[in-house]
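Enquirer: Spelled out from the first residue to the last, the chains are:
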Amino acid sequence: MAEEKTALRSVGRPRSVDAAQASLALLLNLVRTETATTRQELERSSELGRAVVADRLATMIELGLLKEGELGQATGGRAPRQMRFRQDAGSLLVSAIDQSSIALGIADLNGQLLVEHHEAAQLNEGPEVILDRLATIFDWLLEETEKPAPWGIGLALPGPIEKSPTEFEAVPVLQSLQSWHGFPFLERLSMRFGVPIFARSGVQTMTMGEAKAGGGRGLSDIIYVKLGRSISAGLISEGQLHRGAQGAAGMIGHSRVGDDLLEALAGADAIARDGMAAAADGRSPYLAQTLSRRGELSVVDIGHAAQLGDLFCVDLLGRCGRFVGEALAPLTNLINPALIVIGGVVAESGGDSLLAGIREAVYRQSHPMVSRDLQIMRSQMGASSGLVGAAQVVVEELFAPPMLQGWIGQGSPLRHPEFQKSLERLTETLAAKPAPQAGRVAP
Amino acid sequence: MSIAGLGPHGERAVPADQIQLTAIDTIEAQARRFTVAVVLHTTSSDWSKQELAGIAATLGLHSAALVEVVDCNFDVDQQIAALTRLAEEPVDAVISIPIGNARVAEAHRKLTQSGRKLVLLDNAPTGMLPGTDYASVVSTDNFGLGQSCAAMLSKHIPSGGAAGILGYGIDFFATHEREIAFRKWMGINRPDVTLVRERFSELDSAGTAALEMLRSTPGLAGIFAVWDVPAMKAVRALAQQGYDIPITTVDLGNEVAIEMARHGMIKGVGAQMPYDQGSAAARVTLAALLGLAVPPWVALGGREVTPFDVIEAYQVIWHQPAPRIIIESLRDMGGAQN
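Those sequence lines, one after another, are chains D and Y. In terms of full-length UniProt numbering, the first sequence is residues 1 to 443. In terms of full-length UniProt numbering, the second sequence is residues 1 to 338.
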């Protein structure tokens, strides 16, 4: 309807529908990013004529994408009315799935997280269980919080995610998890809510989250390191996330330290294993007590013991920190980041000893110019960074100019012709080939 | 009860009993004579009174003065005004329970920016970060409480039966977590049970909401109410209409304890330990004021209470003897212990 309307308008006289879509997309992004918000600023930034700008703004107000806001700064004469993006025109569903937990949230169209929920979950329960849990909580959150209908889903997944060859094409997911092979996880979730879905690796979304709302806010060059059972890094260079040729950038856990892989020495399981050994042979009295009381040990116990001054644990975490720092130093020399953020359960638990070990190795092995203003800090966002980053992924995808031009005339990405086609293809494919059952289904 | 839930940013819990001040910390805290204010959603509930008692006693032991207690009367604007004022007052730290979600975030953030230490109870509003915006969140394991209530109610729901959720219609983290956990437990352990829900936005409409559930689902076999006050509103409304429905809820308020002792509709409670939570919040506040590293999420497990151990549970939770009426009610029912 809107497309017809745009074509019928005489004002601005677009040479073609494509030109109209391009100018709509350009103006929407200028307003959305607050690069230009008054008519005068929009004319200047877009280099479009006054009539065209007026026409496109009217169209987007009608489509529910823009609204008129408060008065701006007067520069002689009447104060101009500012245009505002309707970030509540739709919502974004976001989730971060990790080995032992899931996080879910709802964000607005600016990627601002509005509500979040975290709970323990075991990835080895299988994709069907996780898929069902996600759908259940998303349904509940949408109903409970009365947020507008979703426009897209952003997912942070463990392991690398291949780049999608075309828009709206789901990529093979979770190559690193044998039991998930062949399971149409993204397709099923996309179908369930009738929205496009965009996935990245957990570490990449966390990096984006830290850059948007965490310690990296306002910085263009940061490294995020996730220290969990596996170890990986994300990189934002000159404001852009670096994904690599296949989308698998940042797998630093596979660096060698002597004969071992880094994550076999400094991952959460490795630290827990060393703690168990120290509890058994009496090197750590605190861990011995904890083990006898609870029958198990985790990296959280080791971190706590270090904070209480247990010398074995202080030394263990310091050594792990140095291993991680040695793997980070070459990256630091290569990239020259302003900030390195350390996250993941090991970082949350590791306390000052771990951070001191990382700093020691990075500063020792980095060029003085590179390390001069370099900050190394622990993440304050925790798993929320994955949610904020996943929302940012959807925002960047939906509002990327080529994608935006495909739907702006319709007022919503759900009416993008290519997405409609992909939904039809998915319906046919999934109907023809029922999904394999993988694990128990929780209603 | 072990801690089942994760923190506001997915953090693993540090149990509250692991937060202890050393003798040297105590001496330093006593020498510095800190001042602390507390901002609560209400000061009239049993939970609030015990929370305050735990805070006041622990601060007092460390020569820290509790100089003001603000009752926000569940009003977001009152909370914002109180925090804004406290940012200008001569207090070293504030312990606050955020009432709304995003609406009170900025006022809390500004309090921290003013140089005061901020320790939150129950939850951090979305977007607020530990370290930058607050020192720590001290919370009961609300997820675990929801699971407990589901397990206790499940015993009263026949195979293929229906259970109701009396949910809170306001964006409140703790009650959300309880409801999500209740649903999850039922989904996994009692997939045969049909769940229905009614929400109330004001306490006075909780009874009507409970009756509405029964009208829409006549065979309803049990109800989970997200905390004790609406649970008792439901009990009264249901009793007036002649219903007797098993109910589980969160918190061992006095009325709920009496109802349990009478072997009435309340069949089980997942109770918070407000005195212990208040004490933990005070220890975390003192640690933060001393410049010690504090964990972003400190959690306390709840306690399951049944009609058979309501007296002992009362003593543990409220740090005082159970009221005479509870003991006598149990004696009348033949369930009191000597």
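Don't read these hints as lab results, they were simulated from the structure. Glycine included, each C-beta is placed from N, C-alpha and C at the ideal position. There could be a bad hint or two in this list.
As the list claims (entries may be wrong) - Partial chain Y-side listing against chain D, Cβ under 8 Å, derived:
no., residue
1, Arg12
2, Asn101
3, Ala105
4, Thr126
5, Leu129
6, Phe143
7, Leu290
8, Ala293
What the hints assert, rightly or not - Derived Cβ-Cβ restraints for the label pairs, each shown as a range:
no., chain 1, residue 1, chain 2, residue 2, range
9, D, Glu68, Y, Lys110, 47 to 57 Å
10, Y, Gly291, D, Glu47, 52 to 62 Å
11, D, Gly76, Y, Asp71, 14 to 24 Å
12, D, Ala58, Y, Asp192, 50 to 60 Å
13, Y, Thr84, D, Thr145, 20 to 30 Å
14, Y, Gln78, D, Met369, 35 to 45 Å
15, Y, Thr42, D, Thr145, 51 to 61 Å
16, Y, Thr132, D, Asp88, 20 to 30 Å
Enquirer: Take the C-beta atom of threonine 84 of chain Y and the C-beta atom of threonine 145 of chain D, compute their distance, and say whether it sits inside 20 to 30 Å.
Expert: holds, 27 Å
Enquirer: Would the hint on phenylalanine 143 of chain Y stand, with a C-beta cut-off of 8 Å toward chain D?
Expert: With a closest approach of 7 Å, the phenylalanine 143 of chain Y hint holds.
Enquirer: Holds or violated: is there a CB of chain D closer than 8 Å to the CB of leucine 129 of chain Y?
Expert: At about 4 Å, which falls below the 8 Å cut-off, the nearest Cβ of chain D leaves the hint on leucine 129 of chain Y intact, so it holds.
Enquirer: Just to be careful: measuring from the Cβ of alanine 293 of chain Y to every Cβ in chain D, is the smallest value less than 8 Å?
Expert: holds, 7 Å
Enquirer: Take the shortest C-beta to C-beta distance between alanine 105 of chain Y and chain D; is it under 8 Å?
Expert: violated, 11 Å
Enquirer: Taking the Cβ atom of glutamine 78 of chain Y and the Cβ atom of methionine 369 of chain D, is their distance within the range 35 to 45 Å?
Expert: violated, 53 Å
Enquirer: Closer than 8 Å between Cβ atoms is the bar; does leucine 290 of chain Y clear it against chain D? Give me holds or violated.
Expert: violated, 14 Å
Enquirer: When you take the CB atoms of glycine 291 of chain Y and glutamate 47 of chain D, is the distance between them in 52 to 62 Å?
Expert: holds, 55 Å
Enquirer: Does the hinted range 50 to 60 Å hold for alanine 58 of chain D and aspartate 192 of chain Y at CB?
Expert: Between alanine 58 of chain D and aspartate 192 of chain Y, where Cβ atoms are some 56 Å apart, the hint holds.
Enquirer: Is 47 to 57 Å right for how far apart the beta carbons of glutamate 68 of chain D and lysine 110 of chain Y are?
Expert: With a Cβ separation near 30 Å, glutamate 68 of chain D and lysine 110 of chain Y fall outside 47 to 57 Å, so the hint is violated.
Enquirer: Okay, threonine 42 of chain Y versus threonine 145 of chain D on CB: inside 51 to 61 Å?
Expert: Given about 24 Å between the Cβ atoms, the range is violated.
Enquirer: Range first: 14 to 24 Å. Now tell me if the beta carbons of glycine 76 of chain D and aspartate 71 of chain Y are that far apart.
Expert: With Cβ atoms ~51 Å apart, the hint is violated.
Checked against the numbered hints above, the structure breaks hints 3, 7, 9, 11, 14 and 15 and satisfies the rest.
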